[in-house]
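Produce the complete structure using the sequences and hints provided.
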Amino acid sequence: MSQAVFSLARILVVVLFCVSGAQKLMNPAGVVGAVSGKGLPYPEVLAWLTIAAELGLGLLIALGFYARAASVLLAVFTLATILFFHNFWTMSGDAARMNQIQAMKNLSIIGGLLMIAAAGPGRFALNRR
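Straight run, no breaks: the sequence shown in the UniProt record's numbering ends on number 129.
There could be a bad hint or two in this list.
Simulated restraints, written as ranges between beta carbons of each label pair [said to hold, decoys possible]:
hint: 1; residue 1: Glu44; residue 2: Met1; range: 20 to 30 Å
hint: 2; residue 1: Asn87; residue 2: Gly30; range: 14 to 24 Å
hint: 3; residue 1: Gln100; residue 2: Asn127; range: 35 to 45 Å
Straight-line alpha carbon distances no greater than 25 Å define the calculated SDA-like cross-link-like pairs of lysine to any residue that follow [to be verified]:
hint: 4; residue 1: Lys105; residue 2: Leu8
hint: 5; residue 1: Lys105; residue 2: Gly120
hint: 6; residue 1: Lys105; residue 2: His86
hint: 7; residue 1: Lys38; residue 2: Asn106
hint: 8; residue 1: Lys105; residue 2: Val32
hint: 9; residue 1: Lys24; residue 2: Ala75
hint: 10; residue 1: Lys38; residue 2: Leu8
hint: 11; residue 1: Lys38; residue 2: Gln100
hint: 12; residue 1: Lys38; residue 2: Val76
hint: 13; residue 1: Lys105; residue 2: Ala9
Honestly, the hints are just simulated from the structure, not real lab data. No residue lacks a Cβ here, since even glycine has one placed at the ideal position from N, Cα and C.
So, in structure tokens, the structure goes:
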């Protein structure tokens with residue numbers, strides 16, 4: 001039973017990324033605009049890397065295929081979103097509060113991703129190790 005729960009948890013950790021990545025895939029221009037708005041270089045490249053990270057790495061983790069490596073990469077990506085998109089420490093008022101909530105949510109997700117990286121994908125995975 002615990003292996004089934006662990007596999008369900010692994011999938012639930014990445015549902016947000018898979019849905020967000022699929023939505024971004026339907027509107028890559030919006031992602032380019034968001035990246036450009038933050039003043040980051042190569043917004044087109046970063047937009048497609050964002051889509052690949054969210055959708056691609058999210059699916060790898062959900063399937064349990066190279067889940068350890070994908071979890072570490074997605075954790076690094078998620079940390080980068082805090083630093084560049086939810087940098088509440090540079091904001092004030094409602095924007096600071098909302099982005100602080102998003103940053104804390106992302107820290108919690110990073111914790112879940114690191115647990116997957118440490119424990120592996122579990123019994124119900126495409127490539128168990």
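Each hint tested on the structure:
{"no.": "1", "hint": "Glu44 <-> Met1: 20 to 30 Å", "result": "violated, 46 Å"}
{"no.": "2", "hint": "Asn87 <-> Gly30: 14 to 24 Å", "result": "holds, 20 Å"}
{"no.": "3", "hint": "Gln100 <-> Asn127: 35 to 45 Å", "result": "holds, 38 Å"}
{"no.": "4", "hint": "Lys105 <-> Leu8", "result": "holds, 19 Å"}
{"no.": "5", "hint": "Lys105 <-> Gly120", "result": "holds, 22 Å"}
{"no.": "6", "hint": "Lys105 <-> His86", "result": "holds, 11 Å"}
{"no.": "7", "hint": "Lys38 <-> Asn106", "result": "holds, 18 Å"}
{"no.": "8", "hint": "Lys105 <-> Val32", "result": "holds, 23 Å"}
{"no.": "9", "hint": "Lys24 <-> Ala75", "result": "holds, 19 Å"}
{"no.": "10", "hint": "Lys38 <-> Leu8", "result": "violated, 35 Å"}
{"no.": "11", "hint": "Lys38 <-> Gln100", "result": "holds, 17 Å"}
{"no.": "12", "hint": "Lys38 <-> Val76", "result": "holds, 18 Å"}
{"no.": "13", "hint": "Lys105 <-> Ala9", "result": "holds, 16 Å"}
Figure legend: structure checked against the earlier numbered hints; hints not met, in rising order: 1 and 10.
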